[in-house]
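Chemist: Sequence:
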Amino acid sequence: MYAIVDIETTGLRGDDNKITEISIFVHNGFMVVKEFTSLVNPEVPINYKISQLTGITDNMVRTAPKFYEIAKDVIEYTKDCIFVAHNVNFDFSIIKTELESLGADFTRKKLCTVRLSRKLIPGQQSYSLGALCTNLGIKINGRHRARGDAEATVILLEKLLSLDKTGVFNSFLNPTSRQATLPPLLPKSVIDKLPNSTGVYYFKDKYGKIIYIGKAKNIKQRVLSHIYNKTNKELKLCFETAHIDYTITGSELVALLLESDEIKQHYPKHNRAQKRVRYSYGIGTYKDRKGVIHIIYNRLTALQSPLFRFYNQTECRSFLEKLCEEYQLCPRYCGLQQISGACFHYHIKICKGVCRGEEAIESYNKRVLDVIREIAGNVNTYVIKDLGRSENEKSIIFVKKGVYQGFGFVTNDKRIKTLKEYAQHITRKQDNNDVQKIIRGYLKRNNDNENVVIEE
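Each residue of the sequence shown is one higher than the one before, counting from 4 in our numbering.
A couple of the hints might just be wrong.
[Said to hold, decoys possible] EDC-like mimics (lysine to aspartate or glutamate), calculated; alpha carbons at most 20 Å apart, straight line:
#1 Lys404 / Glu318
#2 Lys223 / Glu243
#3 Lys191 / Glu255
#4 Lys220 / Glu396
#5 Lys69 / Glu38
#6 Lys52 / Asp108
#7 Lys207 / Glu265
#8 Lys113 / Asp76
#9 Lys220 / Glu394
#10 Lys113 / Glu103
#11 Lys37 / Glu161
#12 Lys447 / Glu243
#13 Lys239 / Asp76
[Unchecked claim] Have a look at the derived ranges for each label pair, beta carbon to beta carbon:
#14 Thr234 / Thr430: 33 to 39 Å
#15 Lys272 / Asn301: 32 to 38 Å
#16 Arg16 / Gly58: 19 to 25 Å
Since the hints were derived computationally from the structure, they do not count as laboratory data.
Ideal placement from N, C-alpha and C gives every residue a C-beta, glycine not left out.
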């Protein structure tokens with residue numbers, strides 16, 4: 004027995020994506036034997052665009068039964084049946100979530116008519132229900148309504164049953180097969196070829212566009228967790244995924260750095276974190292007409308030769324404030340106080356009075372230059388050595404004067420003596436706040452790591 008199901012939802016995010024209509028056709032393999040169709044009051048507003056698509060409005064469902072009132076029908080109509088839907092994971096997971104919120108367990112064998120169609124009717128430009136029905140001459144009486152789509156899926160299922168001469172249905176229902184639960188556009192062969200290695204993976208849509216980038220210690224295991232995690236976010240991602248590529252890095256640190264860089268390069272629609280490239284700030288100097296050396300902060304693009312880099316304006320100001328207090332510099336000449344006359348620090352006896360003419364300009368400038376040289380000496384150039392992609396190589400991450408330069412790989416038999424030689428083996432990457440946080444986190448966790456080589 005098959006239970007062919009279609010639902011319409013509010014189209015809202017997360018737990019607010021509720022059922023607004025459900026239709027179930029019970030089929031014995033030859034004909035439909037019973038049907039259940041009902042509007043459902045979702046108890047939350049329906050997304051306007053979804054209302055435009057389906058024609059289901061808040062007014063239409065206001066007096067409809069709430070899901071808990073029809074839950075028993077849903078369970079009974081699908082009991083002892085194979086749960087069938089076009090993109091089965093979506094419909095099944097929404098119904099399962101609704102039932103579990105009521106304390107009911109819901110487990111059924113599943114079949115996806117998208118995946119079955121790809122196997123039994125190959126070569127179609129699109130496997131959407133509308134496209135398949137058009138090409139196969141199946142009339143949909145009420146597109147984007149639960150009953151109309153479910154009825155069309157019944158006819159499609161009957162067509163697929165008639166085409167199955169080699170036991171495709173049985174192979175999909177085999178407990179060891181993932182065919183029934185994989186995303187509808189993603190071939191099983193792609194999953195089978197994924198490595199159990201550390202690296203970065205790329206979800207791509209049917210046009211080859213990258214829609215999600217992630218990193219993992221075990222690429223295959225992590226990808227499968229996306230597929231079998233039935234949150235609305237994961238379902239939407241997997242529904243659009245037609246291919247998965249990957250890059251093996253060996254090193255988890257390199258994977259983190261590569262993931263961050265690739266997200267900023269490709270801006271995938273399903274990645275939220277690390278998309279924004281923050282404007283980096285820097286500190287520079289200039290000498291005014293009186294000959295006083297000013298320490299200034301601005302965006303890096305506005306500074307010709309920045310002395311230090313920071314990754315937001317707050318960090319810059321905080322750094323300069325500490326300089327002023329620790330080295331008795333004048334905040335007027337550090338861009339911190341836009342006033343005439345004596346600075347505030349002069350009144351509390353921190354500034355030595357260059358702003359009042361009480362400290363000689365030469366003396367103040369010498370102190371500023373001494374401070375800059377002393378601090379600049381604390382910005383290290385170093386290489387981090389980590390795992391490679393195979394046993395006979397290692398990865399290297401190069402940082403020059405505190406600025407991330409990139410990463411690369413060298414074979415274990417490569418005898419490299421200087422950091423300059425290491426730098427010749429890296430692929431240049433962009434420095435930014437995200438990668439700095441990644442590297443700082445690594446160094447904090449591995450502060451005694453012998454694989455961090457610092458320039459003497």
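Chemist: Take the hints in turn and mark each one as holding or not.
Modeler: Structure-based check of all given hints:
{"no.": "1", "hint": "Lys404 / Glu318", "verdict": "holds (18 Å)"}
{"no.": "2", "hint": "Lys223 / Glu243", "verdict": "holds (18 Å)"}
{"no.": "3", "hint": "Lys191 / Glu255", "verdict": "violated (27 Å)"}
{"no.": "4", "hint": "Lys220 / Glu396", "verdict": "holds (18 Å)"}
{"no.": "5", "hint": "Lys69 / Glu38", "verdict": "holds (19 Å)"}
{"no.": "6", "hint": "Lys52 / Asp108", "verdict": "violated (32 Å)"}
{"no.": "7", "hint": "Lys207 / Glu265", "verdict": "holds (14 Å)"}
{"no.": "8", "hint": "Lys113 / Asp76", "verdict": "holds (19 Å)"}
{"no.": "9", "hint": "Lys220 / Glu394", "verdict": "holds (16 Å)"}
{"no.": "10", "hint": "Lys113 / Glu103", "verdict": "holds (18 Å)"}
{"no.": "11", "hint": "Lys37 / Glu161", "verdict": "holds (16 Å)"}
{"no.": "12", "hint": "Lys447 / Glu243", "verdict": "violated (39 Å)"}
{"no.": "13", "hint": "Lys239 / Asp76", "verdict": "violated (27 Å)"}
{"no.": "14", "hint": "Thr234 / Thr430: 33 to 39 Å", "verdict": "holds (35 Å)"}
{"no.": "15", "hint": "Lys272 / Asn301: 32 to 38 Å", "verdict": "holds (33 Å)"}
{"no.": "16", "hint": "Arg16 / Gly58: 19 to 25 Å", "verdict": "holds (22 Å)"}
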